[in-house]
Each structure stands twice: as structure tokens, then as C-alpha cells.
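Number of protein chains: 2
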Amino acid sequence: MIKPNMNYADLKDSYLFYNIAQKTKAYIEEHPGANLHRLGIGDVSLPLCDEVIKALHEAVDEQASAENFHGYMPECGAPFLRETIAKHYEKFGVSLSPDEVFVSSGASDELGDILDLFDRDGSTLVIEPAYPAYVDANIIEGRRILHLPSSEKDGFLPGPSADFVADLIYICSPNNPTGAVYDRPALKRWVDFAKEHGSLIIFDAAYEAFIEDESLPHSIFEIEGARSCAIEICSLSKTAGFTGTRLGYTVIPKDLSYCGMNLNDMWVRNRTTKTNGISYILQKGGAAVFTEEGQRQIKKNISFYKENAKIIMKALDEVGIWYTGGKNAPYIWLKCPDNMGSWEFFDYLLNEIQVVGTPGEGFGACGEGFFRFSTFGSREDTEKAAALIVDLLK
Amino acid sequence: MIKPNMNYADLKDSYLFYNIAQKTKAYIEEHPGANLHRLGIGDVSLPLCDEVIKALHEAVDEQASAENFHGYMPECGAPFLRETIAKHYEKFGVSLSPDEVFVSSGASDELGDILDLFDRDGSTLVIEPAYPAYVDANIIEGRRILHLPSSEKDGFLPGPSADFVADLIYICSPNNPTGAVYDRPALKRWVDFAKEHGSLIIFDAAYEAFIEDESLPHSIFEIEGARSCAIEICSLSKTAGFTGTRLGYTVIPKDLSYCGMNLNDMWVRNRTTKTNGISYILQKGGAAVFTEEGQRQIKKNISFYKENAKIIMKALDEVGIWYTGGKNAPYIWLKCPDNMGSWEFFDYLLNEIQVVGTPGEGFGACGEGFFRFSTFGSREDTEKAAALIVDLLK
Numbered sequence: 001m002i003k004p005n006m007n008y009a010d011l012k013d014s015y016l017f018y019n020i021a022q023k024t025k026a027y028i029e030e031h032p033g034a035n036l037h038r039l040g041i042g043d044v045s046l047p048l049c050d051e052v053i054k055a056l057h058e059a060v061d062e063q064a065s066a067e068n069f070h071g072y073m074p075e076c077g078a079p080f081l082r083e084t085i086a087k088h089y090e091k092f093g094v095s096l097s098p099d100e101v102f103v104s105s106g107a108s109d110e111l112g113d114i115l116d117l118f119d120r121d122g123s124t125l126v127i128e129p130a131y132p133a134y135v136d137a138n139i140i141e142g143r144r145i146l147h148l149p150s151s152e153k154d155g156f157l158p159g160p161s162a163d164f165v166a167d168l169i170y171i172c173s174p175n176n177p178t179g180a181v182y183d184r185p186a187l188k189r190w191v192d193f194a195k196e197h198g199s200l201i202i203f204d205a206a207y208e209a210f211i212e213d214e215s216l217p218h219s220i221f222e223i224e225g226a227r228s229c230a231i232e233i234c235s236l237s238k239t240a241g242f243t244g245t246r247l248g249y250t251v252i253p254k255d256l257s258y259c260g261m262n263l264n265d266m267w268v269r270n271r272t273t274k275t276n277g278i279s280y281i282l283q284k285g286g287a288a289v290f291t292e293e294g295q296r297q298i299k300k301n302i303s304f305y306k307e308n309a310k311i312i313m314k315a316l317d318e319v320g321i322w323y324t325g326g327k328n329a330p331y332i333w334l335k336c337p338d339n340m341g342s343w344e345f346f347d348y349l350l351n352e353i354q355v356v357g358t359p360g361e362g363f364g365a366c367g368e369g370f371f372r373f374s375t376f377g378s379r380e381d382t383e384k385a386a387a388l389i390v391d392l393l394k
Numbered sequence: 001m002i003k004p005n006m007n008y009a010d011l012k013d014s015y016l017f018y019n020i021a022q023k024t025k026a027y028i029e030e031h032p033g034a035n036l037h038r039l040g041i042g043d044v045s046l047p048l049c050d051e052v053i054k055a056l057h058e059a060v061d062e063q064a065s066a067e068n069f070h071g072y073m074p075e076c077g078a079p080f081l082r083e084t085i086a087k088h089y090e091k092f093g094v095s096l097s098p099d100e101v102f103v104s105s106g107a108s109d110e111l112g113d114i115l116d117l118f119d120r121d122g123s124t125l126v127i128e129p130a131y132p133a134y135v136d137a138n139i140i141e142g143r144r145i146l147h148l149p150s151s152e153k154d155g156f157l158p159g160p161s162a163d164f165v166a167d168l169i170y171i172c173s174p175n176n177p178t179g180a181v182y183d184r185p186a187l188k189r190w191v192d193f194a195k196e197h198g199s200l201i202i203f204d205a206a207y208e209a210f211i212e213d214e215s216l217p218h219s220i221f222e223i224e225g226a227r228s229c230a231i232e233i234c235s236l237s238k239t240a241g242f243t244g245t246r247l248g249y250t251v252i253p254k255d256l257s258y259c260g261m262n263l264n265d266m267w268v269r270n271r272t273t274k275t276n277g278i279s280y281i282l283q284k285g286g287a288a289v290f291t292e293e294g295q296r297q298i299k300k301n302i303s304f305y306k307e308n309a310k311i312i313m314k315a316l317d318e319v320g321i322w323y324t325g326g327k328n329a330p331y332i333w334l335k336c337p338d339n340m341g342s343w344e345f346f347d348y349l350l351n352e353i354q355v356v357g358t359p360g361e362g363f364g365a366c367g368e369g370f371f372r373f374s375t376f377g378s379r380e381d382t383e384k385a386a387a388l389i390v391d392l393l394k
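Those sequence lines, one after another, are chains A and B. Position 304 of the first sequence, counting from 1, maps to 304 under this note's numbering, and the rest follow consecutively. Position 83 of the second sequence, counting from 1, maps to 83 under this note's numbering, and the rest follow consecutively.
The shape of chain A in the complex, shown without the other chains (with noise of 0.2 Å):
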């Protein structure tokens, strides 16, 4: 008799973008013809640049010739994608092997997967606020989960606690929803942490190309002892406007082993059993993306992103508003005004001047009283939203 997975009964529905969407739609009802300014978005706003869009003309060009024709690929990436991320990493002073990196369909499907590799009795710790699909992939798997709530006073980068210690530890830096970045010091005492506990670090690295302070990592491998506690997920939604044309990369190092096993071994086995790798087309475009031209543009496309920032945070900073982020990473993290909550300051700013944010309660409980700003809108929206807040609040 079957038997379903019984975990998903414990999965509390998110009522998150739901609402949100709930919200806009009843004010726009009320409001015929009202102009929303909308800085909730979590997803890129400008096409793909000349280069990826080239290299995908190609690609499917070889796919209509009998000589040029690709059938199935290697599980685990093209050889020439692997390669060419390999080296990528060379910018950060990190020395991968290509087959230490494994070509995926984006983070968000890794992140879940991933778990698979795992004995699903162990435990699972969040650094809150968080991205949602953290906690419940884990919910599915059953796993335990810890959750370590960041606020203020650590800039929401809160370090390693004896209090909380867990086999797996999700680190998003820069981080969804907050913003911020652990510099070298703070993630090398997560790794000294995972070192210690026996513990290994999902390192989600998603947001890794908004970094502009140098001094600033990039990569967890960049910290000395990652190689043996930590494995990374990256994307290329973000850092190249691939959130609906799907492409990421993951690094298992050849360093983790446990009772026996191999990580990277048994990913290998992983993907061959249970993929069929990804397409042709689309690891052509993302190769593009790491030219040297490709990556001009995709740096264009950020600066853009992070013009948009800046005139938020200037915004902010004109009314006085405590915040994180904006400065390496494409989220704004904000203090509620007037000890408001995060859904009270929703409602206050879709009434009063018709921007849209998003409520920092929706990524955990110790985000009550903050708020989501996105730069990823138009220049316009973002423009008219921080005159209007500024108006509002100051």
C-alpha cells in the first residue's frame, strides 16, 4: 500500500508573495488607473546580453545540422563549461580541478538536491532571515532543523554558536534577503566552526557578482580549510539575467570524505543515475557569459543594478532609516520606521505612496519589523519610489 512522504504534512504553506500579490491586486481594484512603483521584485529586470544571446543562436544553429548536432551531454557538464568555470575561479585565487565543478540547472534546484547525499536523520542549521526554500527542502527531507535568528546588533551576519550545532549549515553570502556579506574573518570562523563540529557548510554563493569591495570573498573556498567543510552553489540568474533561461554550477571539492564516502564520488553517481545533464544550448550560453566580453556586459547589466541601489540607500540615508546590503548585493534590508511592523509598513507604503516591498517577516520569524528593497526594477519605478519615500519619511 503506498505510502506517501509523509514530511510534506509538515510544510507550512507560505503565504509570502501570495499576500503580497493579494494586496497590490485589491489597492489597484480601489484604485483604477493607480501607478505602482514596484521594489519587491526578486527577479532581473534587463535581457540578456549581446554575447550569451549570440552564443545561444549558435548553439541552437548547431542543433539543426546532422555535423553540428548534440545529443546527450556529460551528467555533469560539458567538458569546455566545467573548464571554463574552473578557471573563472582562478580571479578569486581559488585552484579548482574542472570536475570538481558540476553544471546545473540553477541554485534553487541544487539547493534541494543536493540533500540526497545526506543521512536524512541529521540536522540541518538556517542562519534566519532566510530564503524560504532552506527550510523546506529540509522539511521534506525530514531533517532536523536549527534555526540561529541574526538581527541588528550582529548586522545580520551572526557568527558560529556552541548552542547551535548542526551536521549541515546553510550560508548565503551575500545574503537573500539582508544583503549583507561575511568578510574573510567571519566566514573563516564558520569554516574553523564546520571544522571542528564535523559539520559541512552549504555555501549559496548566488549573489557573489553585486561583490565590489575587494576585500570582500567571493567564494567560501577562498578561506583556508573550505576545501575540507564546504560545498558551493552558484548561479547564474543573477550574475547574467538567467533567472528564466536557467543555468548554475556547483563545487564539491575532492577533499570530502566521510565513513568512507566520497562527495564528489557520489554526486558523480548522482547526477548519471538520476540526470541526463543539462542542454547543449544553454551551457553554450553560460560559457558566453565568462569571455571576456561577456563579462563586460554582464558587468554593465550589474552596475546598472547598483545605480539603482544607490539611489535608494540615498534615499534612506536622508530619512534617517537603519539598513544593510546595497552595497555588495542587490537586496536592501531596512529598519521599519516608527517601530512599525513588517506588514504594517507594506500596508503604510502601498497606501500612502504605491511603492512595493517586501515584508522581512516572510523570511523568518527575527524579521519582524524589517523590509525587503530590491534594486532589480526600472530606473523610473526606482527613481519616482525613493522621491516618494523620502517625501514620506523625512
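As the list makes no split between identical chains, a pair holds if one copy fits it or if it spans any two.
Below, a list of computed lysine-lysine pairs in the PhoX-like style, where the Cα atoms sit at most 20 Å apart: (1) Lys3 with Lys195; (2) Lys3 with Lys254; (3) Lys195 with Lys254.
It is worth saying that the hints were derived from the structure and are not from the lab. Just so you know, these numbers come straight off a predicted model, no measurement behind them.
Using the hints, position chain B against chain A.
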């Protein structure tokens, strides 16, 4: 202390394709300039059809334009494609709601991932010979596996047996590797058996497009009662040459509820947690397969492979070798002559006439003494191989 998923230690190394590659390589090294005739390949050789190529180029152009750019796609599939596929099922007399169709990266990805829905202490029935990933994906999950052997006597289409009752039942029809196809009455017996025992059928329909006999079912949902005991997993890999382009779909009827949990709802939750949807570009390309012109073009490609099948079947008929498949499937499964073993026959064909096939023993113990020819090769290779087989074995 991190503990790996120890089920990986129970995986057996598969030497099938590795051994084929090694033996072939050794032969070429000993016989420089030898011209091999490859009937072992499980990959398509014809390029994507024009209709798909056109759609892929158009989609890439949309990703280059600020006005038409597509970011994050709905996690369960773009509505346009879910609707198109649901409509496609009407041809089989199957009525589906679009939200019973989930767009995927391909069948191999889903055949393992779908196990996320079920309690891991359950059992799985695999009808052998079988696609090796069925077994391996279930070993990784730690499920108990029952191997149901088939044989020449039952035409490699065994019926259910009270000695083999399991929670999950994998059925692949048309079958890889045997090419055998269940007819309606035989499939009805499996559906009735599943309902009687509270089992769920995972129906792998990856080769349905090769069915030409109108009495044979393309979908398990053509069978009365299947909506309450089956999930269907399909792919465009063989249907439309998407092996290296990647796209598939999974049908989960809304009728599947167990212990108060609905599998369709659970899969929505799984996809929204563990993916960010499938590439817009690939979904546009996939939709083109289902247009009138797309269907005409892919059928032309399938006819080409069918012609290869006829050439091989004619040769086997001439030398009096027993086989199944070929008529409604891209594979031909034959009994090795003179009581040769699978690998013995492999060596014989390679050494005597430079024909490369696939030893049946690689698909499960009951495949010993059998051999698979694929019809996906070039016409030239197929014709030469067929002529050489007749000369050698008649």
C-alpha cells in the same frame, strides 16, 4: 558530525557502457582504420526539426529584448506548454487538466526525483530487463527493490504476480531495452493489480511516439482506472530529438490521494521548493513539437528510424533469429544465436563484422543471452551492419 547517505554504498558499478567503450577502443587500436558499424547507440542522430529550431531562435530573440524578456517561469511549467500538452493527450482519448501536466527537464530527471513523494520505507517493483537508473535511483532512496524477470516465453511483457507486490511499480512501454509494448488488456491487468494492492504505477512513456499499431496504448491513462493509480513520465528526447536539448513532462492526476495527502498538490509544493522552473527557451522549443507542422516534421524523423528498424528486422528474419521490438519501438531485442552469451555475441559481432551492439545482460540478469540493437544510427551503418549480419549468420 556529517553522515553521508550510506545507500550509495549499495550501488553496483555499471560496467555496461564502459566495457563497450573499452572493447571497442581496443579493437580499433589493434585494427587501425577499421570501420565500425554502430547499432549500440541509445542517442538520436537526426538534428532538431525546423519548426523547433525556428521557435528556439524566436525565444532567444525574446530573451534579448527588454520588452519581451522572460524572467522566472512558473515552477510547474509555462501555462502555454501545459495547455498544449494537455491538448495533445486528447489524441489518445485522454482528458487532462493543464495543471495535471508538469513540465520537466526530461524523463530521466523525473524518474528519480518523483521518489521524493513517497515514504522511503516502501518497496519498488522493477520489471527486468530495465533501464539501469530505475534500480539505482531506488537504491539511493533506500527503498526495497523487487526484481520481476521477464523472458522470451512472455515476450518480455510479464503480467503482475501475487509474489511480486510492491508500493511502486515501474512500467516502461514501449520498453527500453526490449522494444516490447503492452497492449490494452495486458496494461489493464497491471492497473487492476495496482488498484487491488494499493500500488502506484510509474509509467515511463518515453518511446510512445514510436507506436504505429493503432490498437496499442500511448498513455497509461487510456486504460480505465489508471487515473487513480498511475503517474506518467514522458520526454521529447526520442520523440523529437531532444536528448541534448532537454525537455519532458510528467502527468500527475488529481485523483491520487493517500493518507490524506494529494500527490498533485505535493508535487506542486516540491517543484516550487526545489526548482525555479524550466528554461523559457526550451519550453518554447518544446511547444513547437506539438504544432501541426511540428508533428509532421518529427514524424518524418521517426519514420527514418523506423526504416532503419525494418532493415535490421529483415536481416534477422533472413537468418532466423528470434527478436521483439522494432515495430513500435526504436529498439530491437534479439536472442543471441547458438546459445551464445550476451558478451560472447558482442565480441563475435565486433571481431567478425565490426558491428557494435549492446549486451542484454547489462539490463538485468534475465537479459543474459540477449542483445539490443538500436535503430538510431545512420542509414549507411544500419545497411552495412544488416548485410554483414546476414552474411555471417545465415
